[in-house]
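Asks: With these hints in hand, go ahead and build the complete structure from the sequences.
Protein chains in written order, with numbering that gives the first Met the number 0: chain A, 0 to 281; chain B, 0 to 275.
Hints in this document: simulated from the structure, not taken from any laboratory. Just so you know, even glycine gets a beta-carbon here, dropped at the ideal spot from N, CA and C. Hints may contain errors.
[Stated by the list, open to error] If you want a taste of the chain B side facing chain A, the calculated C-beta under 8 Å gives, among others:
hint, residue
1, Leu123
2, Met136
3, Ser234
4, Gln239
Here is how the chains run, residue by residue.
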Amino acid sequence: MSVIETQSLTYAYPGTRKQSLRDVTLTIERGEFAILTGPSGCGKTTLCRCFNGLIPHFYAGELKGNLKVADLSVNEHTIGEMAKRVGLVFQNPENQLFALSVEKDVAFGLENLGMPREQMQERVDWALEMTGIEDLRERAPHELSGGQQQRVAIASVLAMQPEIIVFDEPTSFLDPLGAQKIFEVISHLNKKLGITVILVEHRLDLAARYAGHVIIMDEGKIVLDGEPRDIFNSEQAWLLGVGIPKAVRLWRLLEENGVVLKGIPINSDEAVQYLKEVLWRR
Amino acid sequence: MATIEAKDIHFTYPTGVEALEGVSLTVKDGEFVAIMGQNGAGKTTLVKNFNGLLRPNKGEVLVDGISTRDVSVAKLARTVGFVFQNPDHQLFSETVEEEIAFALRNFGFDEATIEKRVRWALNLLDLTEYRKTSPFMLSGGERKRVALASVLAWDPKVVILDEPTIGQDHRQKENLRQFIVQLNEQGKTVVIVTHDVEFVAECNPRVVLMREGKIVADGVAKRILTDTTLALEASIVPPQIAQIFGGLTFLGLPSDVIDVSEAKRVLVEHLRGSRR
Numbered sequence: 000m001s002v003i004e005t006q007s008l009t010y011a012y013p014g015t016r017k018q019s020l021r022d023v024t025l026t027i028e029r030g031e032f033a034i035l036t037g038p039s040g041c042g043k044t045t046l047c048r049c050f051n052g053l054i055p056h057f058y059a060g061e062l063k064g065n066l067k068v069a070d071l072s073v074n075e076h077t078i079g080e081m082a083k084r085v086g087l088v089f090q091n092p093e094n095q096l097f098a099l100s101v102e103k104d105v106a107f108g109l110e111n112l113g114m115p116r117e118q119m120q121e122r123v124d125w126a127l128e129m130t131g132i133e134d135l136r137e138r139a140p141h142e143l144s145g146g147q148q149q150r151v152a153i154a155s156v157l158a159m160q161p162e163i164i165v166f167d168e169p170t171s172f173l174d175p176l177g178a179q180k181i182f183e184v185i186s187h188l189n190k191k192l193g194i195t196v197i198l199v200e201h202r203l204d205l206a207a208r209y210a211g212h213v214i215i216m217d218e219g220k221i222v223l224d225g226e227p228r229d230i231f232n233s234e235q236a237w238l239l240g241v242g243i244p245k246a247v248r249l250w251r252l253l254e255e256n257g258v259v260l261k262g263i264p265i266n267s268d269e270a271v272q273y274l275k276e277v278l279w280r281r
Numbered sequence: 000m001a002t003i004e005a006k007d008i009h010f011t012y013p014t015g016v017e018a019l020e021g022v023s024l025t026v027k028d029g030e031f032v033a034i035m036g037q038n039g040a041g042k043t044t045l046v047k048n049f050n051g052l053l054r055p056n057k058g059e060v061l062v063d064g065i066s067t068r069d070v071s072v073a074k075l076a077r078t079v080g081f082v083f084q085n086p087d088h089q090l091f092s093e094t095v096e097e098e099i100a101f102a103l104r105n106f107g108f109d110e111a112t113i114e115k116r117v118r119w120a121l122n123l124l125d126l127t128e129y130r131k132t133s134p135f136m137l138s139g140g141e142r143k144r145v146a147l148a149s150v151l152a153w154d155p156k157v158v159i160l161d162e163p164t165i166g167q168d169h170r171q172k173e174n175l176r177q178f179i180v181q182l183n184e185q186g187k188t189v190v191i192v193t194h195d196v197e198f199v200a201e202c203n204p205r206v207v208l209m210r211e212g213k214i215v216a217d218g219v220a221k222r223i224l225t226d227t228t229l230a231l232e233a234s235i236v237p238p239q240i241a242q243i244f245g246g247l248t249f250l251g252l253p254s255d256v257i258d259v260s261e262a263k264r265v266l267v268e269h270l271r272g273s274r275r
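Replies: So this is what it looks like as structure tokens:
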């Protein structure tokens, strides 16, 4: 069952002639973990802004084509209605947090919905538990590390129990270990809660292992759409210069030198396994 | 010659946060150093001490043998250029051209030289077509290049780049890498602060690893990024190639391989050698 369906989506920001989205047709199934990538300015962020109604309701401009998100037609529903279904987590958590305690930040969206106090407390507890930050409840967000802050931002979005969460380069400000933990939290939400994840990311080395679906955009269009292994093996992905994982790059260099592995490894574990087989066989 | 010498420096922010707790480090003329480590380890604080943006509470920083306490930031900037993590903290002019010319004017260059330098910097960073454009009309990646151009224009001997790869796509990153390596080969001292292990793995600079206001390791990237104990301590995840080789050591392969081309070479040679 699809949770996002776009048909021939075309959009230009007000006052510009250039179309930021050109004839975008895409289906994302419920419960998928999809990576959306492509060169800077390719339209990734613009497309994500459509998913929660920021386009066309906030940015204005005319959105042509059809877009259905969580069974709602985006043109006919407000940002407020969309926000309950689609959560957004940004690059820099500092831009998203503002309350005096973690707990208050996580409760903020629920307060706006006018949720009864007890139910709200339950939701906050649950969101903190799911993101592994129960111990940070009383802390001030601005005193936390970048990785902790990003988990608070995720908890605040999660508390709304959205069906879909869009993560826009959520780890680029984080140290590598912090980044890895964030990807694990995201993967956990996807696997355990069935939340549909759309991850906008350049650093595929870190993210590819979690995804079942990769979408590559260029100049407002979708140019590749499929399973990670097929995408990374396509000539077009290499020509576009997207961040193909090092394991895949190594596989290709080895093939060119007559060393054939049994498959395309998309992460280090797979690469180790395939290489062992070749090295043992010799 | 431009050497930076930090001697047991301590720095505490007015809020009471102790960001540096005794750091000693020498960056020699023409070196390429990457400063890495967890969020809040003190990396940015340290490099801000290199050009007098911050001055140590204890200890001292010498730039070419002169303490940063005895020189103005404006004068130090002539030797040590600083490119901020967020270009918006740096850009303010109405056009890209004015942005690049601004510092040159402050340093008192004559108009003919300014024009020459502006043209050179625009060309260097592929920005010529945006000469008359407002920096704020440009994309994040382009604004970052403007910030870099405006610093390189006055030709500082040392260039410090704070998180240069954030917000850059794969191709821009590759261009940036080649650019930085080239600058360094031409004799410039380059210091980058970064979390990007894959980027560092491809550059193979000297790596200084920080944790909680102190330096915990210092050496070539190959050694530091493949030391799993060290990495964990400083919140670093080894680059993908290092992870792969880490899983193959029992087969007699070296563990200190971090970039793809070397990985290929080592594996192909290993397989050929064993067939003989």
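Asks: Work down the list of hints and note, for each, if the structure agrees.
Replies: Against the structure, the hints:
1. Given hint, B:Leu123 at the interface with chain A, is violated; its Cβ is 19 Å from that chain's nearest Cβ, farther than 8 Å.
2. A distance limit of 8 Å between C-beta atoms decides the matter here; for B:Met136 the minimum to chain A is near 11 Å, and the interface restraint is violated.
3. Interface restraint check: B:Ser234 against chain A, minimum CB-CB distance 4 Å, threshold 8 Å, status holds.
4. For B:Gln239, the interface hint holds, the least distance from its beta-carbon to any beta-carbon of chain A being 4 Å, beneath 8 Å.
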